[in-house]
Amino acid sequence: MVRELFRRGLDDHRRALASWCAGIGAYALMLAAIFPSVEGSADFSKLVQSYPEALKSLFGLTGSVNIGTGRGFVDTELFSFMLPLFAIVLAIGSGARTLAGEEDAGRLELVLAYPVRRGAAVLGKGAAVAVEVAVFCAASYAALALSSVAFGLDLPPGRLAGGLLGVGLLALFHGWLALAVGAAWPSRALAIGVPAAVAAGTYLVGGLHDLASWLDPLRFVSGFWWVGQAPLSNDPRWSGLPVVALAAVAALGAAAYLIERRDLETP
Amino acid sequence: MPVPAIEAVGLSKTYRGGVEALVGLDLRVEHGEVFGFLGPNGAGKSTTIRLLLDLIRPTAGTATLLGLDSRTAGIEARRRIGYVPGDLRLYDRLTGRRQLDSLARLRGFADDARRDALVARFDVPLDRPIRELSKGNRQKLGIVQAFMHDPELLVLDEPTGGLDPLLQEEFRALVRETIARGRTIFLSSHSLDEVQHIADRVGIIRAGRLIDVDSVDALRERALRHVEITFAGSVEPGRFAALDGVRVRHVDDGTLRLSAPATAMDGVVKAAAGLEVVDLVAAPADLEEIFLELYREADDGGA
Chain A
1 MVRELFRRGL DDHRRALASW CAGIGAYALM LAAIFPSVEG SADFSKLVQS YPEALKSLFG
61 LTGSVNIGTG RGFVDTELFS FMLPLFAIVL AIGSGARTLA GEEDAGRLEL VLAYPVRRGA
121 AVLGKGAAVA VEVAVFCAAS YAALALSSVA FGLDLPPGRL AGGLLGVGLL ALFHGWLALA
181 VGAAWPSRAL AIGVPAAVAA GTYLVGGLHD LASWLDPLRF VSGFWWVGQA PLSNDPRWSG
241 LPVVALAAVA ALGAAAYLIE RRDLETP
Chain B
1 MPVPAIEAVG LSKTYRGGVE ALVGLDLRVE HGEVFGFLGP NGAGKSTTIR LLLDLIRPTA
61 GTATLLGLDS RTAGIEARRR IGYVPGDLRL YDRLTGRRQL DSLARLRGFA DDARRDALVA
121 RFDVPLDRPI RELSKGNRQK LGIVQAFMHD PELLVLDEPT GGLDPLLQEE FRALVRETIA
181 RGRTIFLSSH SLDEVQHIAD RVGIIRAGRL IDVDSVDALR ERALRHVEIT FAGSVEPGRF
241 AALDGVRVRH VDDGTLRLSA PATAMDGVVK AAAGLEVVDL VAAPADLEEI FLELYREADD
301 GGA
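Each protein sequence line maps, in turn, to chains A and B. So for the first sequence, the working numbering puts the first residue at 1; every next one is plus one. So for the second sequence, the working numbering puts the first residue at 1; every next one is plus one.
It should be emphasised that the hints constitute simulated quantities derived from the structure, not laboratory data. Cβ atoms here follow ideal geometry from the backbone N, Cα and C, with glycine treated the same way. Each hint should be verified, as a subset may be incorrect.
[What the hints assert, rightly or not] Over 12 Å on every C-beta distance to chain B, these chain A residues come out as not near it, computed from the model: (1) Met30; (2) Tyr51; (3) Ser57; (4) Tyr114; (5) Glu260.
[Unchecked claim] Facing chain B, a subset of chain A residues (Cβ under 7 Å, in silico): (6) Glu109; (7) Ala113; (8) Leu204.
[As the list claims (entries may be wrong)] Covered, in the sense of this in silico footprint (three residues per stretch, anywhere, with C-beta under 8 Å from a C-beta of chain B), are these stretches of chain A: (9) 2-16; (10) 115-125.
Just chain B, same shape as in the assembly (with noise of 0.2 Å):
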């Protein structure tokens, strides 16, 4: 098997305190995919980033990045990543340039054309103290010193926040690019709109706790759809609430209104089958809306 870009196993952190921050992560990414992590804020997100990057300690588990684990060769696999940190802070006093300068001193390699040519892209302001730069343009720094070394593996934190959609769809341009090369991309982000369209698999973390892993195609299939039915007579919603994976949103005399997967339709049209339909209206599917359903479940369930 090969060795995965990034590997979890079992991997927890719990603050002072007793707050499980992260709890039994078992993750792995692939070489040359892009990996979405998704969860709202506060869910273990950056919790994670950091156990990999080894600025905190895990209480259990390890990690690996690169096959390099995050513990005991930490040096070496930090070299070979690029990252974003999910609060980046700078030195206000440096000019953008010296800035970087700076940064390719402390990894001890600079490329300059190849930090010429994503500071043009992404037209960076190179002159003016960090400062006076608005929160986008630093960002545009954090994601020049991110890539410019060209590394294998970028561990990115919230990479667009502070972009204007137009820089925006020039990183997602940026990240397929990347990808096409044979890097590969750990995207965490709190939407799923952000990611859905770069991102080959999503990983669904709340409370600490990883809740899903799939393909944005196969989450897409498992979105709801909302289906309004309106039949002759009254209804009765149990005979469609009994269904799995059906949840009955609303009753109104003869009109009923649900959401269920797709796997579910074959169910909902048999149970609407023995009552007289007056009409029938199916919604496409919304896959922020199994999103949000994901981190509700998980909440139900912790509750």
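So here's chain A without its partners, still in its complex pose (with noise of 0.2 Å):
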């Protein structure tokens, strides 16, 4: 019953789920291209260095990443920036679309109206998003180590799981709390901006927390402050992986407990 909220959900966004991971696997293949220009590019490196403390802070280009390597490359070049963008925005358009935007369009109204338990309607559709958010890891996995082998990157695979682990619970976390925003108001416009303006909070906090004093005490709110930077240079903070991972499901409860309490939009 509830696996038929769970397929459809998936379905529903199968072509666009194979764009990303197209688009992922075309991005990081194009950049692998590029590393054997810049290996070991003492100007390169130097450019780098250059950047504003700020910026490099953001970018967690910190003493123990070598752009010049391959695993100092793609942490700088990736897992800063597009991957987790990528991801959490693949997480939030999904878990938008499949509670807020299916009330928007009028079609809750007849499922709902089936022997259907509302929260258990959430958790079938926050587990599309689940996967949706794991096949594009795994899509992103298989990019990179593709690319590892073909342009001798050399990235290491037990760092290179945990990094797209920690950058797949950080779109978990924003893809279910665009399920709970869903679940509170019947607004798909909310249920993208609050989760957008989370992420790009907490980012900020993540990034630049080391700089700026009085953000430092905000950098456990922040998802990517947990799942720490540049995975590959400096192995992935597994410690702060279930703490993500707790949120996250702290944010599809909220989800599921929200969805009874309201009533349901006129379509």
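Assembling the complex is the task here: the two chains are given apart, and the hints tell you how they should meet.
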């Protein structure tokens, strides 16, 4: 029964998900193809070291990250910004579409007139979001592992998996947050806007808390801080991952609870 | 007393901003009847239905479907009903077949033979994406999904919108067969014409208040007769207007036009008998008119 909503959710986003996976795959391969031309380049490293402190901090370009190595290059070019951005946008889009979007379109009316518990319906949709994020991360892993071999990036498989797990959990949290916002208010705009704002804000806090002392106490609310920066150069922050996972589960629980409490919007 | 198919007690819904969509609805629909739920657009018909289905929550009062509380036992209740929404929205990308399959899986029950019979009967195009279908063809899908599991109670919100007259007749035949098999149908409509030939009783709702519940036969009895009396001399309309239930529509020299229910006819004739009558014509009752009359009365009452 609820499995049907899970299926429907995945089915509706199949094409979008395929484009996202193709997009990140192409991007990763393109970047990797550039790597041999910057490998060991002192000029490039010097250029990066001359970036303003704020930028370096934001992208995690600390002393341990050498952009002239494969892992430092991928940390800087993918894990610092693009990869989390792709994954989070995908997850928020999916979470917002599957609940608030369906309600906006008036399609929840008939679904919830069937013998389906609302909370269970949200969990089914949440599972679809999780599978999408997992597929995206698997596609990223495949593309990067392939690139690593093809262009000599020498990426450590364990750290790569851990780094992508961190990105996946971050994305999952924001996707399930989009569900929770959609469960609380019948607005697709809010279901996109609120998690997007949370992502942007916590990204800045996670990247800049070292530089601005007033931000430092706030670092605990940033999923980006818990996941850590530059997972290939530094090792993923394994201890932080369960925290992000817990936050994601809390968001999903809130979604299942909040949807029971209100009137369904009239189509 | 047997458990009613639908029962509402003091059911009320006030939306944020204080809009009273439904005020203290008391309603009882018996097993095995077709109950017509009539009212103009925005009267509270869909609000009532959405409260029954637990899609929205009442401000006050309770409702049961098949004896099950719509709030606490809604899942079990909805297992045993079929619903056609007033504003049906389906998955545009799916074909009709895949939409029906998806809904059957959502319900966890499929009776393919019954579904196929309904599809054939209403000539539903199953292999085209729903976005390419006309409103009428989408509505057919709505009807099929509501009837395909043979539910005990059907809640139908303006189910024949977009259907051509032939299919409307087919739908009425389906309703009659369904009732003959002991099911119950709650049929909302803004047009009496749509329900008067299939409903046993009708409830009339206006501005969130149920203003009348009666059998269709009784309504017909109450329907106004239009009487035109021509007198030899001029006529003083007051002697007719004073009669209970009588409305004088037009006075022109010796000609008087009035409308009155059957119960007032004796008074009309007696009042006319004191004068010299040249001609008297009475037109048959019009059900649609009493319906409109009830709308208007409630309007006057509210003003």
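Against the structure, the hints:
For A:Met30, the condition that its CB be more than 12 Å from all CB atoms of chain B holds, with the nearest at approximately 32 Å. No beta-carbon of chain B is positioned within 12 Å of the beta-carbon of A:Tyr51; the least distance is around 46 Å. The Cβ of A:Ser57 sits about 45 Å from the closest Cβ of chain B, beyond the 12 Å cut-off, so the non-interface label holds. The claim that A:Tyr114 is not at the interface with chain B is violated, since a C-beta of that chain comes within 12 Å of its own (minimum 5 Å).
With a least CB separation of 10 Å from chain B, A:Glu260 falls inside the 12 Å interface cut-off, contrary to its annotation. A least Cβ separation of about 5 Å between A:Glu109 and chain B falls short of the 7 Å threshold, and the interface hint therefore holds. Satisfaction of the interface hint for A:Ala113 is found here, the shortest Cβ-Cβ separation to chain B being roughly 4 Å, below the 7 Å cut-off. With a cut of 7 Å, the hint placing A:Leu204 at the interface with chain B is violated, because the nearest CB-to-CB distance is about 36 Å.
Requiring three or more residues with a Cβ within less than 8 Å of a Cβ of chain B, the coverage given for the segment 2-16 of chain A holds, as 6 such residues are present. Check on the segment 115-125 of chain A: 3 of its residues sit with their Cβ under 8 Å from a Cβ of chain B, so the three-residue criterion for coverage holds.
Comparing the model with each numbered hint stated earlier shows that hints 4, 5, 8 do not hold.
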